[in-house]
Structures are given as C-alpha cells and as structure tokens.
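Asker: Each chain, written out:
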Amino acid sequence: MKVADIVGGLIGIFTGLWVLWTSSNMPADVVMKIGPGFFPSMLAGGLILFSGALLVKAIQGKSKGRLESRQWSDVGVRRGLITLCAAILFVAVMEPLGFIPTSIVFLTFMMWVLGKRNPLLIGLVPTLITAGVWLVFEKLLHLSMPPGVLDSLL
Amino acid sequence: MGINWDLLVSSYSAVFSPGIILMICIGTAAGITMGALPGLTATMGVALLVPLTFGRAPLESISMLIGIYCGAMYGGSISAILIRTPGTPAAAATLLEGYPMAQRGEAGRAMSMALFASFFGGVVGALIMTFASPLISGVALEFGPVEYFGLAVFGLSVIVSISGRSLIKGAMSAFFGLMIATIGFDPISGFPRFTFGMIEMMEGPPFIPTLIGLFAVSEVFNEVQKTGKIERVKANIDRYLPSWADIKKTFKTLTRSSVIGTGIGAIPGAGGDIAAFVAYGEAKRNAKHPERFGTGEIEGLAASESANNACSGGAMIPLLSLGVPGDAVTAVLLGAFVVQGLQPGPMLYKEHMDFVYQIFASMMLAQIAMLFIGAAGIRMFAKVILVDRAILTPSIFVMSMVGAYAMRSNVFDVYTTLAFGILGYVMQRYDYPLSPILLALILGPMAESNLRRAMVISGGDPLILFSRPIAVGLMLLAVAALVLSIRGHRKIEAKLAATEGAGARGS
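Taken in sequence, the protein lines are chains S and R. With the working numbering applied, the first sequence corresponds to residues 1 to 154, in that order. With the working numbering applied, the second sequence corresponds to residues 1001 to 1507, in that order.
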C-alpha cells in the first residue's frame, strides 16, 4: 500500500493546489469579505493537509492495510479492463444506436467474457433482460429510453 | 411540537391502501433480495432502484424506498448466516454467531431469529422515530443560518469515521466530496465554479447519477474481477419464526439492542454496522455466558440484527427533522425526497405534516411487510445468493445506466455515472471510503450557503458563528461526536482484527 498511498497523497496535494489556484482567480465579495473562492480554498487546504499526512505516513512506512497484488496476466484484471472498455463503448453508442440493441450486445458480450458459453443462454437471457428493463421504464414508468436505430419501430 | 394523534391515525389509514401496500411489499421484497446478495448494500439497492420511482406520487415512491431500506437491512443477514459473507456491512456482526449456528445445522433457527429480531428492532426504531422527530423538528424551526451551519458541521464531524479503515483516507474522501459539491453556480453570487465552461456542470454534478456510479457501477467493476468460490453450508431451513423459548431468552437483548440501534442511527454518520457491533458488544457484556459468544450464541445474533434494523428508524430522525441524513442510505433517500420536490427538515413538518406522518406509517408497515415476506420467502431468499454472477453483474450495469439516463433523458448523466463508477472503483481498491463523498455532497452546500448567509448578516464578522447557543451546542456536539466516533471506530477495528485472526486460526 506504500506506493499507492504516496501516489494518492500526491494526487490529493496537486488537486488541492489546483483548486487553490483556481479559487484565487474568483472575484472577492465586498460585503461578506468572503467570495465564491473562500469555501473551495478552505476545503483545498483540508485536502492538502490530510494528503500530506498520508504521504508522510507512507514515507515513514506506516501505511495501513495490504493491497491485494494484481498482475496484468490475471484473468480478473483482464476481465476488469475488458469490462471498462465495453462500458465506455456502451455509454458512447447508447444514444445513437439506441438502448435495446446496445444493451443486448453488451449483455451478450459480458456474459461471454464472464464465462458463459451456452449459446441458448447467451442468446436468450440478454434479450429477455433488455425487454424487461425497457418495458418497465418505457411502458410502465413512461420514462423514455434512447430509441436510436429502432426509432421508427418503437 | 407534539404528536397530532388524529393526523397520525388518518396517515395510517392513508398508507394502508392497496396501492401503497403493494409498493411497500415490492420494495421490501426487492430490498431483501438486494441485501441477501453479497456486495449489494442497502445504499446500492436504494440508489439502483430510485429511478423506478420517477414519475410516481411522492408517498408511493418514498414508501417503496423505505421498504427497500428495511428489507435490505434484514436481507444482509441471510448471506451472513448461510455463506459467511455479510450481504451488507450492517450484517457483519451477524455472521459472528449466525454462521456457526448454520454450521451446526441450525440455519433455520438462526434465520428465523434474524427475521424476528429485524422486525422487533425495526418496530422499536419506527416508534421512537414517530415520537422523537417531531420534538426535534420543533426546536429546529427556530434555526437560522448560524444554527444550520452548526448543524452541517455536526453532520460533517462524523463523516470521517464512516466505513473506512483509515481515518486519514476518510477525511480525504470527505474533503474531496465537499470540493465536488462546490462545482457549479456559487449559491450566493451565482459565479460559476470549476465548470470548465460546460452548461451541464452549472448545477453541479447530478446527484442520482453520481451515487449510482459510486455505489453500483464501482461494484460491477469490482465484481467482474472476482473468480473465487463462496463458502457455503447446507441450508437446513426448518422454521419460519423463532420458538417461544428463543424469544423469551432474547427479549431483554432485543429491547436493549433496539434502543441502542435507534440511538446510534440518530447520530448522523453512524450507520447500521456501528450500531450492530455496539449492541453485540453490550449483549456479550450482559450475557450469562459471554465465553459462548463467537460459537453460535443466539443472543449475539438477536442483538446485531435488532440493532441494525432499529438503526434505520433512528437514521430517519435527523433526516426528517433536520434534513441531515443519518447514514449513507438516508443520504440517498434525501436525494429521492428532493427529486419529489420535498425538502426534509423542520419546514417539511410545517408545510407537509400529513406527509411526514405517512412516512412514519410507511416505516411501520414496511416492518410488518418484512416479517411476512421474509417468513414466506425464507427458502427463496436463501437461494437468491446462488444467482449466477455472470448474468447478474452486467445486468446491474445496464440498470445503472438506464437509471442514470431516465431522470433527465440526458446522456451527460450517463457519462457522469460511468466516471463516478470508475472513480469509486479506484477509491475502493485503495481503501478510500465512498460514503463520506455522498454525505459531503449533501452537507457541503448546506454548510457553505449558511456560512455565507451568516457572514452577510454579520457584515463579515466570523464571531457570529459563536454567538448563538444552539449553534455553539451543535459545534460542541460535533467535537464530542468526532471523538466518540473515532473511539468507536477503533473498537470495531480491534474487534474485526480479532475476528479475522480467529477466522484465520479456525480455517
């Protein structure tokens, strides 16, 4: 956890410094003495303080907890990365392609990634889940889902 | 402000209508299912299902969410007893006695006691909430900006101690959450802050997509990486309710733990996990045979389950009366209230008293629904934990995205959900707790706007913050709560370390 805590502490300090700098460019208030930048500056100070404490503890070797080691070759790590890419793609194409096709393809792909190989199962379950979610949101709750390419059919 | 009995009775009759009963039953069943699934917490359950309430009447929506909340608190015990994995953090203490009971073939006795204790605790919590929260809100009606700032500081003071194993990281999460809460228009001058010129950012990060990302999507990324098998015992479920002898044996423990649970729940920031461990500790301290604790003692199980369910009633007290959430789930509930156009706090009592009483009635009805649904479906819920993760996990992702999109039909909200999902995963991986961010998002704007208003009144003199007795009292309470929660946190840490050590020796 030591290296992770050092990196976390540094990220916290740099985030705090950036907020401090941005807040310093905000206009001051003549009545209250404190303007829109006051509260963020105060919070940035707190973040820098605790990030610094984490950094110091990590350098002193007093980091708490143990980080489960993960290698790029681990199946879990690869699944995580594939899921991340699939999730980004899902979000990017959900509106232009539409919820129904995107969701069916995503669920089928993810079930395959997570080890399902039965063609009947990975062919049927994603369609049923998508249809269920669509019916509940679109028909029961009247909340519109992106129709995408199926616009003329739905 | 006392109890208006006529209104209370009429609220019960309003809630006991088929439509509301159905919503509560659906919510409770969904909550038990969510709670029973390890990894799906009550917070995540409520967050994931909030979008289902969009477009429904406020009472229907809130009743359903209360059902989910209460159901999930009980549901967590099912997996704790059967597979030694607490379905929710609040059920962590339950496994200490529940799993050994299941191992020696008493899964039915353990599960029926968990259900009854949850019901008992829930009823006590709901009753205390009914009578205590109007009194507190009566005092809160006198609050001005200085008192509200004190209240926000009180809420924020306990943020540090929730759910994290490192207090420094908890504080970092809280400050980070508070900084996120400053994104958008400044509440006083209207100056846009940290928006990068994006119109969608002007109102700040959307609350529901943010919490769905933090609590549901992050768990999806976590879940897909797991490959290990779960430890399982043969679920010998031979009864639905505990025997009279068991009820008699545990009655004192149930009563004491329920009161402890409600009290702890009422402290903003202290959730069901803390309540359960404190009640468990008290039960052990008062037990005839404390040495039997850890080997499957039914009193320990009764203590933790009644306390964590009573906690839900307790957590509603500050939410309803002060507008400050008692735990992460009530923070999500607060978001649901706002979506419905209702702002919890003393004004809710003044302007929508009937609605407040209907919430009391819903809470009570949710306990009854939990008892019946829990007893009827005890075998089915025990099977829920065996649901195939290869199907469940991607489905949760799809539902999360749909939920994020549904509220405003805006794809920006979906990107926000994904971004916070990734952030939540990374934070959890490196032991940064997520709950402080959620509470900070709610309490941050309250702290800032009231601080700034107080400064307008005083013409910039900060001493105004210490000029009102209630505000000073709240700030002193904040200091006391901070000290107590840190001490409580350390006790739980020590207990967890001892349990892990015992588990390692036993395995």
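Accuracy of the hints is not assured; some may be wrong.
[Said to hold, decoys possible] Once the Cα atoms are required to be at most 30 Å apart in a straight line, the calculated DSSO-like pairs of lysine-lysine come out as:
#  : chain 1 : residue 1 : chain 2 : residue 2
1  : S       : K116      : R       : K1383
2  : R       : K1383     : R       : K1350
3  : S       : K62       : R       : K1248
4  : R       : K1249     : S       : K116
5  : S       : K2        : R       : K1491
6  : R       : K1491     : R       : K1249
7  : S       : K62       : R       : K1249
8  : S       : K116      : S       : K57
9  : R       : K1252     : R       : K1226
10 : R       : K1350     : S       : K64
11 : S       : K64       : S       : K116
12 : R       : K1491     : R       : K1288
13 : R       : K1491     : R       : K1252
14 : R       : K1350     : R       : K1226
15 : S       : K2        : R       : K1226
16 : R       : K1491     : S       : K57
17 : R       : K1226     : R       : K1288
18 : S       : K64       : R       : K1491
19 : S       : K62       : S       : K116
Since the hints were derived computationally from the structure, they do not count as laboratory data.
Asker: Please go over all the hints and tell whether each is borne out by the structure.
Answerer: Verification of the supplied hints:
no.: 1; hint: K116(S) / K1383(R); verdict: holds, 20 Å
no.: 2; hint: K1383(R) / K1350(R); verdict: violated, 46 Å
no.: 3; hint: K62(S) / K1248(R); verdict: violated, 49 Å
no.: 4; hint: K1249(R) / K116(S); verdict: violated, 48 Å
no.: 5; hint: K2(S) / K1491(R); verdict: holds, 25 Å
no.: 6; hint: K1491(R) / K1249(R); verdict: holds, 27 Å
no.: 7; hint: K62(S) / K1249(R); verdict: violated, 46 Å
no.: 8; hint: K116(S) / K57(S); verdict: violated, 45 Å
no.: 9; hint: K1252(R) / K1226(R); verdict: violated, 41 Å
no.: 10; hint: K1350(R) / K64(S); verdict: violated, 48 Å
no.: 11; hint: K64(S) / K116(S); verdict: violated, 38 Å
no.: 12; hint: K1491(R) / K1288(R); verdict: holds, 22 Å
no.: 13; hint: K1491(R) / K1252(R); verdict: holds, 24 Å
no.: 14; hint: K1350(R) / K1226(R); verdict: violated, 50 Å
no.: 15; hint: K2(S) / K1226(R); verdict: holds, 24 Å
no.: 16; hint: K1491(R) / K57(S); verdict: holds, 22 Å
no.: 17; hint: K1226(R) / K1288(R); verdict: violated, 42 Å
no.: 18; hint: K64(S) / K1491(R); verdict: holds, 16 Å
no.: 19; hint: K62(S) / K116(S); verdict: violated, 43 Å
Violated hints, listed in ascending order, are 2, 3, 4, 7, 8, 9, 10, 11, 14, 17 and 19; each of the other numbered hints is respected by the structure.
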